[in-house]
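**Student:** Residue numbers (our numbering), protein chains in the order written: chain E, 913 to 1146; chain F, 913 to 1146.
Don't read these hints as lab results, they were simulated from the structure. Each hint should be verified, as a subset may be incorrect.
A pair holds if it fits inside one copy or across any two, identical chains being indistinguishable in the list.
[Unchecked claim] Cross-link-like lysine-lysine pairs, in silico, DSBU-like; alpha carbons within 35 Å at most:
1) Lys1136 to Lys995
2) Lys1136 to Lys1064
3) Lys1064 to Lys1014
4) Lys1031 to Lys1136
5) Lys1061 to Lys1136
6) Lys942 to Lys1014
There are 2 protein chains.
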Amino acid sequence: MTNVLYQHGTLGTLMAGLLQGTASINDLLKHGDIGIATLTGSDGEVIIVDGKAYHANEHKEFVELVGDELSPYATVSRFTPDKTYSTSNKPSAEVYDEVKEKMLSKNLFSAVKISGTFKKMHVRMMPGQEPPYTRLINSANRQPEQIEKNIKGSVVGFFTPELFHGIGSAGFHVHFANDDRNFGGHVLDFEVSDVTVEIQNFETFEQHFAVDDEAFTNTDIDYKDIAKEIRQAE
Amino acid sequence: MTNVLYQHGTLGTLMAGLLQGTASINDLLKHGDIGIATLTGSDGEVIIVDGKAYHANEHKEFVELVGDELSPYATVSRFTPDKTYSTSNKPSAEVYDEVKEKMLSKNLFSAVKISGTFKKMHVRMMPGQEPPYTRLINSANRQPEQIEKNIKGSVVGFFTPELFHGIGSAGFHVHFANDDRNFGGHVLDFEVSDVTVEIQNFETFEQHFAVDDEAFTNTDIDYKDIAKEIRQAE
């Protein structure tokens, strides 16, 4: 299938505190070469770019993953851009506005990859929880942040349409990996110098559930306030 | 792929008044042999059972569809039940409670087929709108209902987990076709005499969007109150 966005788990379920990893990084790489994820315990930020998976943790370490690590929530796709253009010298809010104009529709999922030189890159890394897990908002409120200036790399991630808030985070949810592969994280904001922007529009959103995880199948999940908690945490 | 629930369009988008059909019944039948849908204008109730598609309209007519009719919102699957059991002499609320106990999880989508003799079957048929379309709640408020007693047939449809309310209708959303194929509709409630219940649990939910429909891709859809309107209408 082409133009399929594959997701394992949901952001809502993660926010509700079901943090046990249920899909391996190698499994995820079968469904795409670009993507975002987290590991068991919602430990850090996974960045999948050019078919490789990297991990940025709360200690500001950045490593390539081996493949057998487990993820409770991941979104990946085979990246085949429908639109490519260049842009320069503007803050992330303006870059996102441009991408929204160039996406086929705000009612569809899209992937975006922004590669080149960034004047500023501001990221955070979710601190991992140990069992017993609690609602993610607890660890989201104590995330370390990091800012780098004049850095080359790629922003990768997805646009989620408003109706799917809860399944993902409505709007853009993007991670960053630098070209030296030693810095990255969940993107808070940035400023581009000169970048290439690539956009893929998705016809199909494939939601995979952790059917073999009894913590998921047997739990009465409390989704109350999830929409609000996602807005606060993301 | 097995155990995939395929959906074209979303209930939220339908409720917001985007009622133009965008997938043909023949296209839908490629993705499943059991299912529920509506036609352009949200005209009536489509029941897909045993690989054939039927239509119940507001005039209480019931016909087999030809295949080139278009649907704005449809949910279908290849039915391969994971669990089969018999039950008798109880109202729909109790039947649903039993099904919920026997589904793998309330956090997954499931298909259900309930076949046999029903003491009572209470259905409604959505009146079709003509363009310019309005929010569905307007036509939902003037739906004719129909009750039949001691009737043989099949209830078919799906369970949607709470987090996906808006994408579908949280809980059970089922339609009915009698064995004589001359009566059916959207199920409001029923009472079983003796029936066989079959349940399929889904590992994957495949959401397909109407990427070629400019009314969908170019509209700023107002999803405010959609969750509430779905609860009122369904």
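**Student:** Are the hints correct? Go through all of them and say.
**Tutor:** Each hint, compared with the structure:
1. In this homomeric assembly, Lys1136 and Lys995 come within 35 Å of each other (Cα to Cα) only across copies, at 31 Å, whereas the closest approach inside a single copy is 38 Å.
2. In this homomeric assembly, Lys1136 and Lys1064 never come within 35 Å of each other (Cα to Cα): the closest approach is 40 Å inside a single copy and 40 Å across copies.
3. When the C-alpha separation of Lys1064 and Lys1014 is checked against a cutoff of 35 Å, the pair qualifies only within one copy, where the shortest distance is 23 Å, while the shortest distance between copies is 53 Å.
4. Taking the closest pair of Cα atoms, Lys1031 and Lys1136 never come within 35 Å of each other, the shortest separation being 39 Å inside a single copy and 38 Å across copies.
5. For the homomeric pair Lys1061 and Lys1136, neither the shortest alpha-carbon distance inside one copy (39 Å) nor that between copies (40 Å) is at most 35 Å.
6. For a Cα distance limit of 35 Å, the shortest separation of Lys942 from Lys1014 qualifies both inside one copy, at 28 Å, and across copies, at 32 Å.
Checked against the numbered hints listed earlier, the structure breaks hints 2, 4, 5; every other hint is satisfied.
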